[in-house]
Amino acid sequence: MATADSHITVVQNEDVFVVEFCDRKILDELSINELGGELQTLADTHKPIRLLLNFSNVEHLSSAALGMLITLDKHVKEGKGKLKLSNINPQIYEVFKITRLNKLFDIHEDTAEAQAAF
Amino acid sequence: MMRLDPMTRPDPKNEDAHRENEDDYREIRVKSTLKDAKTPEKQILNDIKCCQYCKESMFAIKLALEEAMTNAVKHGNQNDDSKSITVRYHVSDERVVIIVRDDGPGFQPEDIPDPTHPERISLPNGRGIMLMKAYMDEVRYRAKGREVYLMKRKPKPKQD
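Protein chains in written order, with this note's numbering: chain L, 1 to 118; chain F, 1001 to 1160.
One or more hints might be untrue.
Straight-line Cα separation of at most 20 Å, PhoX-like style, residue types lysine-lysine; simulated pairs [as the list claims (entries may be wrong)]:
| hint | chain 1 | residue 1 | chain 2 | residue 2 |
| --- | --- | --- | --- | --- |
| 1 | F | Lys1055 | F | Lys1144 |
| 2 | F | Lys1074 | F | Lys1038 |
| 3 | L | Lys25 | F | Lys1038 |
| 4 | F | Lys1035 | L | Lys25 |
| 5 | F | Lys1055 | L | Lys25 |
FYI, nobody ran anything at the bench for these hints, they're computed from the structure.
Model, not experiment: these values are computed from the prediction.
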């Protein structure tokens, strides 16, 4: 499930929506706003969503991307859903650690581990 | 050549200060929009690649530059696209210096609260400066906060 202009691909695995990112860099605000909008629409369409973001393609991340993830996390929780992250490479994980957001998000090693934790 | 605010002149005790001569830096001026703010990155990163900086340094510089440009558009120039952003940079075999200047009113960096504080950890904004400081060897605000000086040293090859 991905349109030509989409920033994500979504696969439904049992009752979990697994999202992969099309862009290797989630840096600039313009794309991040569009990406955040797509993820919120997905969450709203499948309330209460079980949403897993697979970061395996992602090589770069900015503070604007972290902000978008925080907003999405709140949005999902307000809809009684759950958000988990997985497959974050060590360089990107460092960004989460520096900002201490590794404590705020539910981060798993890989999709299988995350899926089992829902 | 810009004039440095006397309060923010490089500290002569700083090991790098005596080597600073910013006259021969390359300069790129862009319109203050998020789209235009992306353009200097390619040129700067190309110059850095030529000096064979490692992958980790490239990641750090790219991230810091992105944060500095976004801050210049949003907070410095307050999304006013009639304003501009000036990027001056210098790449050598020892270090990369990037100076990003906006046309805004400036700010006091010490007024920016700690984004990792429990009361602020779930707010979506305010992590840009923290990331720049974590990834660069030196981050200094000058010209009353209108200009940020970013410096990254080239890591020495690891010796076994």
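Each hint, compared with the structure:
1. For the suggested pair F/Lys1055 and F/Lys1144, the alpha carbons sit about 33 Å apart, so the restraint of at most 20 Å is broken.
2. Between the alpha carbons of F/Lys1074 and F/Lys1038 the distance comes to roughly 14 Å, so the proposed pair stays at or under 20 Å and holds.
3. Between L/Lys25 and F/Lys1038 the CA atoms are separated by roughly 13 Å; this keeps the pair inside 20 Å, and the hint holds.
4. About 15 Å separates the Cα atoms of F/Lys1035 and L/Lys25, which keeps this hinted pair within 20 Å; it holds.
5. For the given pair, F/Lys1055 sits about 15 Å from L/Lys25 by alpha-carbon distance, which is consistent with the 20 Å threshold.
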